[in-house]
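J.: Residue numbers (our numbering), protein chains in the order written: chain A, 894 to 1176; chain B, 721 to 1000; chain C, 40 to 430.
If you are wondering where the hints come from, they were derived from the structure by calculation, not from laboratory data.
Bear in mind that the values here come from a model prediction, so they are computed numbers and not experimental data.
We put the CB at the ideal spot given by N, CA and C, even for glycine.
There may be inaccurate statements among the hints.
Unchecked claim - These stretches of chain B come out as covered by chain A in the derived footprint (C-beta under 8 Å, 3 or more residues):
# : segment
1 : 846–859
2 : 922–934
Unchecked claim - Quick list of in silico lysine to any residue cross-link-like pairs, SDA-like style, CA-CA up to 25 Å:
# : chain 1 : residue 1 : chain 2 : residue 2
3 : C       : K115      : B       : N917
4 : A       : K918      : C       : P201
5 : A       : K992      : C       : K115
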Amino acid sequence: MKFRAKIIDVGCLNHFTRVVNTISKLTKTCILRLTPGNLYFVLSGKIASGGVSMWCELSQANFFDEYQLEGVAPEANEICLEVTPENLSRALRTAQNAKCVKIKLTKKHCPCLTFAAELPTLSSVSRVVTHDIPVDVIPRRLWHDFKEPSVPDFDVSIYLPPLKTMKNVVDRMKNLSNFLVIEANLNGEMNLKIETDLVSVTTHFKDLGNPPWGDDGSQGRSHSRDPELMAQTRVDIRKLQQFLMGQQVNPSKAMCNIVHKRIIHLILLHEDVSLQYFIPAVA
Amino acid sequence: MLLSTHSQTVDDNYVLVASLDNVRNLSNILKAITFKDHAIFNATPNGLKVTVEDSKCLQANAFIQAEIFQEFTIKEDSVGFQINLTVLLDCLTIFGGSTVAGVTTALRMCYNGYGYPLTLFLEEGGVVTVCKINTQEPEEPIDFEFCSTNVTNKVILQSESLKEAFSELDMTSEVLQITMSPSQPYFRLSTFGNSGNAHYDYPKDSDMMELFQCSKTQTNRYRMSLLKPSTKALALSCKVSVRTDSRGFLSLQYLVRNDDGQICFVEYYCCPDEEAEEEY
Amino acid sequence: HLPAMDCVVTGGNVKVLAKAIHSLSRIGDELYLEPEDDGLALRSVNSSRSAYACFLFSPLFFSRYTVPCGHAFRCKMAIKCVQAVFRSLSSLDKTVEKCHIELVGEKSRLTFTLHCKHGLMKTHNLSFQDSESLQAVFDKDSCSNVLRAQPRLLVDTVLHFPPALEEVSLSVSGERVLFRNYVEEEPAKAMLTELSLSSDEFEHFAVGAESSITFCLKELRGLLVFAESTGLPVSVHFDLPGSPVVLSVTDSVLEVNFVLATLSDDLNLRNHNNNPKRARSPPPADDFLNDDIDSYLIAMDTSELPGPSNAPAQRSNHRLEAQSPVANHRLESEEAEEEETGDTERPPNKKFRSLFFGSVCPTDSQLTNQTATSQEVLASDSEDDAQAASP
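Starting from the given sequences, assemble the full structure and let the hints guide the process.
T.: Structure representation (structure tokens):
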């Protein structure tokens, strides 16, 4: 197994750093899958993560100037690692104005992802900062746990309102309640609701639009669905807040698929990065 | 208009309706008196008065005159209720606490009378949030019987100079001692903490001192835990008047300018610390 | 009552004094104050006596400095209390015009009076305890390695290490200086960071022999807090592992010395043995070393292991065994330490050698513990500490 990659462009470096920062805000540990074309940050919905799952996909060509990978076997040309994104974030943070950043898989006292950054100085010789980040190699027999999730059979799909507005509202609602109901219909309307003994708060978003799924541009089986009918799911407000806190850049597309009383599936699309996040319903 | 459509159902039965184009003109001033969960609201045709009390020794009042509101309609001489102030503030600031240039949140506040919740409609950029907050029967606020005829000493200071002193106060001191005198040290704040004592002296001829009317030397102690929250009101204000009466009761009055430059008032009343007086 | 000390600090120097106190608060909880004829000494030491700092302000630093002769006065107080006098550090130079410090021994009162803008006067009356003199015995001029750099360089360096990091290793050889985080426990889990600097980046680079020392990063940060605001270069004097490292900042009216203990030899080596390829060599050229971890992966696949997050048995082969307990690395001072009040809350760096402090009135127990080695050190003229070293 071999992996080495290099970033020279400062824009790419900043962008990659932002993605890693977002991931580090979403989870303490996750799986990093490396394939010849892409990188994936994966969290599978287990008890440990509170049922939340995440799938973040980056096209490597958009970030790295050099990228070489030799996977576990010719027919399984990929590498699967368990990483602590906060460490990656820290390493990248200190390399912000680097001339060049190299990442490679190494074996020190244990398997590591080694980040080496060449920093500019006034003298003729560069400064070099190296970080060895311990990782765990995931054996092939466990790879099935980390496959791309399929889009659930949703009841309503809707574009999200501006994330900043959503975040402000959810932040305040978190002070008032532990649970939040998110509901939407095919009329482009979405509501965020909390209700306790003391207070009830509902925020109404309108004219959001519903993304076209399926060949005919409408939302598949929901042809006959009453456009006013809301599909709703009650979630732990902290999980939604955590998702919103991590977002650093406005995505080009942001949408939410709701499976009534089961799960919400959030999808953020940027130019070269896509992020999917699943939050299950609570009773 | 967005807000009125939503509030159609409550309009007929309201006893109080108040609207603001910029909710911060209410939320900011309420932040200056939020040191306890519960507040007593009292509305009259003159405007809104919000009162918060602590252990029967401290009372803070915020006054927002009817003229500050874009709409202020009241169907009775006096409308009162008690409400959870922290919940109210979370609702008023539902779209975020900080200012973004050019963006304001509009508010329409409706109350249908005893037994009904306080209903808020907030709108920003086409998004509407509706809040219903439970109310309780209001308690009668304490009358501290502080009247201007009984005032012994009075100073008016520019808030800027006091802000620094208040933010530095030694919190290990149980009391804040205020000395006002026609002679040295004129106006002095003192603390007695674990490491020793500290004094902050303002001379009567300081350019921060706008008014100095002290007839008699008075030294009074007040519990620090009661007065420390007034720092929030101080931070918002541009001027503060400090008055003590013959009983040693303290009145702090803060002049606050809102986002639109209009003036509102916040006042704090505090009883002197009984125990300390005996020691002294 | 005749004051034991009466002095006035004006203008920008008030902020320098405030920063010095903040800097000392990073070392220990108590501030030792000793006014002398040749200046005011402010000192602090940490509870394990492995870090010591001294700020010596010459009389020229003050606009008035009066110390009645013949009064050798020393006192100490909780440093938090003195920090409380100088709040709002950033605006200090804009608000405070002068600071009057008066020490009246008979009343046990130390009074700071700040004369501020708009006629405002802040008076702080602090109580203190008498104390014995606190002076570390060290001789930075005899160190074989000396580096000097602008504080910016060191600030940028420590930025690469996490704020919580306890200890850092500094290695010098030939043309390079390496900073590395020192990892004591669970090396398998920890992130290792290394920064390599060229000797070019230092104003002064005098290295006697290849050397590597490990000391506490927190205390270095404490000095940098002060040095960065003054813009004065920081000198680093060090020798072999186990000898203290002395960090200094000097100008015409002020001399600052931070003396930090370093790990003794055996423990020091352990950290470096973990990275045999990298110790003391120039940074790798542009080609990657061909690290191939296939053998590791095969082991994972064929063995009956519970899951990816559990370390396989094979791993321990690649990790150096932790050294046996450190009892034999303590110096003679160990006995003296045990005689201190039964302090169960020792900071983690208890393996550092204690520094010897020359006491004006040594107690009996300290006398019996002085060995031949320490006597050598004490034989040097203790006045050396007080005098500013010439650059």
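J.: For each hint, tell me whether it holds in the structure or not.
T.: Tested hints:
1. 846–859: Holds: 9 residues of the segment 846–859 of chain B have a Cβ under 8 Å from chain A.
2. 922–934: violated (count 0)
3. K115/C - N917/B: 17 Å, holds
4. K918/A - P201/C: 17 Å, holds
5. K992/A - K115/C: Violated: K992/A and K115/C sit about 50 Å apart, past 25 Å.
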